[in-house]
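Each residue of the sequence shown is one higher than the one before, counting from 0 in numbering that gives the first Met the number 0.
It should be emphasised that the hints constitute simulated quantities derived from the structure, not laboratory data. Ideal placement from N, C-alpha and C gives every residue a C-beta, glycine not left out. Misleading hints may appear alongside valid ones.
Here are the simulated lysine to aspartate or glutamate pairs, DMTMM-like style, with alpha carbons at most 25 Å apart [what the hints assert, rightly or not]:
(1) 133 - 84
(2) 160 - 122
(3) 123 - 137
(4) 160 - 138
(5) 108 - 122
(6) 147 - 137
(7) 128 - 166
(8) 129 - 84
(9) 157 - 122
(10) 125 - 84
(11) 167 - 122
(12) 99 - 122
(13) 110 - 122
(14) 167 - 137
(15) 59 - 84
(16) 160 - 137
(17) 125 - 138
(18) 99 - 84
(19) 133 - 122
(20) 157 - 137
(21) 147 - 166
(22) 176 - 166
(23) 157 - 138
(24) 125 - 137
(25) 94 - 84
(26) 128 - 138
Simulated restraints, written as ranges between beta carbons of each label pair [to be verified]:
(27) 155 - 103: 44 to 50 Å
(28) 131 - 176: 31 to 37 Å
(29) 29 - 55: 54 to 60 Å
(30) 110 - 88: 48 to 54 Å
(31) 156 - 127: 15 to 21 Å
(32) 165 - 125: 21 to 27 Å
(33) 101 - 61: 58 to 64 Å
(34) 64 - 32: 23 to 29 Å
(35) 176 - 123: 57 to 63 Å
(36) 100 - 159: 41 to 47 Å
(37) 67 - 91: 29 to 35 Å
(38) 178 - 129: 32 to 38 Å
(39) 172 - 138: 24 to 30 Å
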Amino acid sequence: MLFKFLCIGDKTFSKSPGWSPSPSKFKVLSPVRRYVTNNVENPNPSMMFGSPTLSSPGTKSWVSRLIDLPSPQKNKLKSYISTPESPRKIKMINKQLRQKNINLQRLLKRKRSIISYLKNKNEKYKNIKKVQMKQMLDEFSFSSTPSKALVTMQVLHKNRKPWTRAEKNVSLSLYYKSPSTYKLQAYA
0 MLFKFLCIGD KTFSKSPGWS PSPSKFKVLS PVRRYVTNNV ENPNPSMMFG
50 SPTLSSPGTK SWVSRLIDLP SPQKNKLKSY ISTPESPRKI KMINKQLRQK
100 NINLQRLLKR KRSIISYLKN KNEKYKNIKK VQMKQMLDEF SFSSTPSKAL
150 VTMQVLHKNR KPWTRAEKNV SLSLYYKSPS TYKLQAYA
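All chains, full assembly: derive it from the sequences and hints.
See below:
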């Protein structure tokens, strides 16, 4: 955007001692912005859709056939209990449903027993693994207490388990010796 400057001040170009080449005041004249509006209220349909507004009789009949198509019907759900005509049919359906119920209960009982068996097996395996690891660490002879604490920290420590006193001492001594090694151990 271009700006025009209106200089207010001395217009004389004399070389008097108080004269300077720049005027004493500037006033910026900014241009007035003009907005151009188009007629958007009544758009031309041919410009919007790119097709003529009149349609041929073939197109009209095709559209009417498309509109008059039957709507899809939902499949009726099969009901096990329909209105039987005789008490004999009622007894037969009742017997079938009871047998089906008994079979499903048996299946459910079997699946529950399998789940409980697998849970118990998993718990036993976890406990055996912990006991074996602790026994191995106890039987192994470490050169010093800090080395044993370092190995137990790496092997047996869980997230929610608090640190033991020996593990804290090892970490502090490692930090005082070499902070970069401590950071490596902390974030590894």
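If any of the earlier hints don't hold here, list their numbers in rising order.
Checked against the structure, the hints that fail are numbers 1, 8, 10, 11, 12, 15, 30, 34, 35 and 37, while the rest are satisfied.
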